[in-house]
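> Spelled out from the first residue to the last, the chains are:
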Amino acid sequence: MADVRPLVRDELLPPKPPERRHLISIGDLARDDVERLLTLAKTFAGTLDRDVKKLPTLRGRTVVNLFYESSTRTSSSFELAAKRLSADVMSIKASGSAVDKGESLKDTALTIGCYDPDVIVIRHPEIGAPNLVARFTEAHVVNAGDGKHQHPTQALLDLYTIVEELGRVEGLHVAIVGDVLHSRVARSDVQALLLMGAHVTLVGPPPLIPRGIEAMGCAVSHDIGAIKEADVVYVLRMQKERMLAGANYVPSLREYTARWGVTPERIRPGQKVMHPGPMNRGVEIDGAVADMADALIERQVRSGLAVRMAVLYDLLTHGPVGVKVAEIQAVA
Amino acid sequence: MTPLTAPNRPKDDLVVRGARVLDPTEGIDAVLDVRVDSGTIAALGAGLDANGHRVIDGAGLVLAPAFVDPHVHLRTPGREDEEDIASGTRAAAVGGYCAILAMPNTDPVVDSASVLGSLRERARAEAEIPVGFLAAITKGQTGDELTEMVELAEAGAAGFSDDGQPVASPGLLRRALQYGAAAGPTIALHCEERTLTRGGQMHEGETSAELGFGGYPSIAESLMVARDLALARYEERPVHLLHLSARESVEELRRARAEGVAASGEVTPHHLTATDERVRSLDANVKMNPPLRAEPDRAALVEALRDGTIEAVATDHAPHARHEKEVPFEGAPFGVTGLETAFSVLYTRLVQPGVLALETLLERMTAGPARVYGLEAPRIAQGAEANLVLLDLAGTWRVEESGFRSKSANSWLLGETLAGRVALTVAGGRVAFAA
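Line by line, the protein sequences are chains U and Z. Position one of the first sequence corresponds to residue 1 (this note's numbering), numbered consecutively onward. Position one of the second sequence corresponds to residue 333 (this note's numbering), numbered consecutively onward.
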C-alpha cells in the first residue's frame with residue numbers, strides 16, 4: 001500500500017493574510033520600491049491637472065491622520081491625497097483631543113483602531129511613535145515625522161522634485177545645509193539620496209552635525225563654501241523648538257546667519273535650492289534666494305500631494321505595479 | 333556583622349547527588365554528593381548517606397556556589413507596583429542568586445536609619461533570599477548634603493551609593509570618601525557627567541546619528557570615572573564603580589588598579605552581550621542608563637571581566653511598569669530587568685562560544701561581587717552556609733513575559749532562547765527555588 005502522507009496541521013489553517021506594510025523609514029525601502037513609488041507619483045500627478053481631480057481608487061478605505069505636532073504642508077497634503085483617492089479621511093490633532101487629558105499614545109491608537117482604519121498617518125515629537133502605533137493597531141502606518149528620526153514622505157517628494165527638475169538623481173551632488181542634528185528631513189533625505197545614487201555633503205556648524213553621521217555614507221563640511229560644488233542646495237530650518245534650552249549649539253542666530261545662511265552671494269547661477277518648510281527667511285535662507293526662479297520650494301509642496309497619493313495607494317495594493325498603474329489610468 | 337538580612341524561615345536539610353561540583357575559589361571540580369544539614373554544608377563526598385534528607389538528583393548538572401548580585405532595584409518603598417521585596421527576591425532565587433544588594437534610589441530615598449531599619453524588618457518577613465540594602469551618599473540623593481553615614485552603617489547599610497545620580501560635586505564626593513572611612517561600607521559611584529548627557533537617549537555614535545537620538549557619549553562616563561578614581565587615589569580610599577559601559581572607563585580603571593588604587597568595577601549582562609545596534613528596533617526595552625555601546629566597548633568589557641579588572645557581574649535589575657515602557661522610545665524610562673536571565677544570557681553568549689571560561693563567570697558572579705562589598709563569599713566547603721545553585725547547562729528555555737517571577741517584564745531578552753537553566757537555588761541555607 002502506498003504511503004498516505006498525513007495531513008500536516010499547518011495545511012489545515014487558512015492562508016495567512018498578506019504582511020502589513022508600513023512606511024516608517026526610508027531605511028526600510030529598496031531602490032526598486034522608491035522607483036515604483038516615484039513612477040506611481042508621476043501617474044497621479046498627471047491626474048491633478050484635470051478638471052475633475054478625484055479618483056475612485058480607494059473608495060471605502062479609511063485613512064486617519066493623527067498629528068501630535070503642528071503641520072501645514074504634511075497634514076494638508078495627506079488629507080487631500082486621501083480625498084483625491086476617494087478614501088474616507090479623519091484628521092485628529094493632539095490639541096483638543098483626549099491627548100490633552102493625558103491619554104497615552106497606546107490608548108489613542110487602540111481607540112482609533114476600533115474604527116478599523118486602513119491607514120494611520122502619524123506625526124509625533126518622539127522617535128518610535130509610528131512603531132508603537134503599528135504594534136497596537138491592524139492598520140498600515142505611515143510616518144509623517146517622528147521626532148528627529150524620519151520623515152520618509154518628505155524624502156520621497158524631494159526625490160520626485162529633483163527628478164522632475166533635473167531628470168535624474170543618480171550622480172548628482174546635493175548639499176544639505178544647516179541644523180542637521182535636529183532634522184528628520186536630513187536623515188531621511190541622506191538615506192534616500194544615497195539609495196538613488198546621489199553624492200551628499202552635509203554643511204553646518206560642528207555642534208549641529210551629529211558625530212558619526214559620516215557612517216551613513218555622506219561627506220561633512222563645516223564651511224559654507226562647500227555648497228558651491230553642489231547641483232542642489234537643500235536648506236534646513238533652524239529648529240529652535242527642538243533645541244535644549246541653554247545648550248548653546250550656536251551662540252546666536254545672527255552669527256549663524258552670517259556664517260551659514262544661504263544668501264545670493266553663496267550660490268551660483270543654475271544651482272537649485274530646496275527647503276522643506278516652514279522657512280525662517282533671513283535666518284537659514286535669504287528671502288531673495290527663496291524667491292528666485294531656481295528655488296524649487298513650491299514645487300516640493302506640489303510634489304507632496306502626488307507622492308502621498310502614491311504612498312497611500314501603494315500600501316493598500318499588493319499586485320504587480322504595472323497592472324495597477326494601467327488600472328488607475330483606465331479609471332481616470 | 334553581616335549587612336545581609338536573611339528571611340526569618342527555617343533552614344533546610346537536603347542532599348544533592350551526583351552533580352559536577354564546581355567551585356573555582358575552593359578549587360573543586362569533581363562529581364560528588366553534597367549534604368546540607370540545617371542549612372550548613374555538612375559533607376562532600378561520594379555515596380553520602382541521605383540521613384532521611386530530601387534528595388535531589390544532580391546527575392548531569394553543575395552544582396556551584398550561588399550568585400551574588402550587587403546591584404538590584406527593588407523599588408521598595410514607593411513603587412511596589414513594579415517590584416517589592418518578595419517578588420524581587422523570588423526573581424533572584426529563580427536566577428540562581430543567594431544574595432542581592434538593593435539600591436537606595438527609592439521613594440523615600442534610603443537616607444536615614446529609620447527607612448533602612450523598616451526595610452530590613454520587611455526583608456526578614458518577606459524576602460525569599462538574604463538581601464542587603466545600600467544607603468544614599470547624600471540626603472535625598474540630591475548631591476547637596478551627606479547622609480549620617482556612621483549611623484547608617486551601624487543600622488546595617490551594605491554600602492553607600494547615589495546610584496541613578498552622579499555625585500556631581502567633587503568637593504562633596506571628597507567629603508564622602510573622607511567621612512566614609514569612619515563609617516566603613518563601600519562607596520559605589522554612578523559615573524555620569526550630566527552636562528554631557530542632557531537629552532541623551534542612547535550611546536552617541538553612528539547609530540544615534542542615523543536614528544536621530546540625543547547622544548549619551550562614552551566620555552560622559554569615562555570623564556567621571558577618571559575624576560572619581562583621582563579622588564580615590566588622593567584620599568587613599570576604595571571606590572566601587574557601578575555598571576561600567578565604555579572602553580575608556582575600563583582603561584581608566586585598569587590603569588588606576590595597576591597604580592594601586594583600591595578601585596573595583598562591575599558590568600551588566602546587557603553591556604557584555606549587546607550593542608547599540610539593538611536600538612534600531614526602537615524597542616523601549618533596550619533603553620537603559622548607561623546605554624548599550626558600540627562593539628569595541630562590549631569587547632573591552634568582556635576582556636576586563638576576563639582579566640579581573642572588572643570583578644563583578646551586576647544585573648542593574650530595574651523593573652518598570654508596563655505602561656511606562658509601552659510608549660515611544662524617547663518617552664520611556666531607563667532600565668531593564670535582569671535577575672532571571674543573567675546567568676543564562678552570559679552562559680549562552682560568552683561561555684558557550686568559548687569567549688569566557690565557566691569558572692571565570694562563576695567567580696565574577698559569586699566571590700567577585702561579595703569581595704566588593706566585604707560580604708562572605710558563597711563557597712562549597714564543609715561547615716559553610718549552604719549557598720548553592722544547581723545548573724542545567726544543557727537545558728534551553730525561551731524568555732517569555734509570562735515566565736517572570738519579577739512583577740515587571742521589561743526584559744531586553746523577550747522572545748529569545750537561552751541555554752543554561754537554574755534547576756535549584758539554596759540561599760542562606762534554605763531552598764529558595766526548585767524548578
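In short, the hints are calculated from the structure, not lab data. For clarity, every value in this text was computed on a predicted model and none was experimentally measured. Hints should not be assumed to be uniformly reliable.
Here are the simulated lysine to any residue pairs, SDA-like style, with alpha carbons at most 25 Å apart [what the hints assert, rightly or not]:
#, chain 1, residue 1, chain 2, residue 2
1, Z, Lys657, U, Glu138
2, U, Lys106, Z, Trp729
3, U, Lys240, U, Ala288
4, Z, Lys657, U, Lys240
5, Z, Lys657, U, Ala288
6, U, Lys101, Z, Val593
Just the calculated beta-carbon pair ranges, DEER-fashion [what the hints assert, rightly or not]:
#, chain 1, residue 1, chain 2, residue 2, range
7, U, Arg31, Z, Tyr566, 55 to 63 Å
8, Z, Glu583, U, Glu103, 19 to 27 Å
9, U, Ala219, Z, Glu609, 42 to 50 Å
10, U, Gly113, Z, Arg654, 17 to 25 Å
Glycine is no exception: its CB is placed at the ideal position from the N, C-alpha and C atoms.
> Are the hints correct? Go through all of them and say.
Outcome of the hint check:
1. Taking the CA atoms of Lys657(Z) and Glu138(U), the gap is near 21 Å; set against the 25 Å cutoff, the hint holds.
2. Annotation: proposed proximity of Lys106(U) to Trp729(Z) is violated, straight-line Cα distance about 30 Å (limit 25 Å).
3. At most 25 Å may separate the alpha-carbon atoms for a hinted pair to count; Lys240(U) and Ala288(U) meet this at roughly 22 Å.
4. Our distance criterion of 25 Å between C-alpha atoms is broken by Lys657(Z) and Lys240(U), whose separation comes to about 28 Å.
5. A distance of roughly 48 Å separates the Cα atoms of Lys657(Z) and Ala288(U); the hinted pair therefore is violated under the 25 Å criterion.
6. For the hint linking Lys101(U) to Val593(Z), the alpha-carbon distance of about 54 Å lies beyond 25 Å, and the restraint is violated.
7. Under the hint 55 to 63 Å, the C-beta atoms of Arg31(U) and Tyr566(Z), about 59 Å apart, fit the expected range.
8. The beta-carbon spacing between Glu583(Z) and Glu103(U), approximately 48 Å, falls outside the hinted interval of 19 to 27 Å.
9. For the pair Ala219(U) and Glu609(Z), the beta carbons lie near 24 Å from each other, so the given range of 42 to 50 Å is not met.
10. Roughly 18 Å separates the CB atoms of Gly113(U) and Arg654(Z), a value that falls within the hinted 17 to 25 Å.
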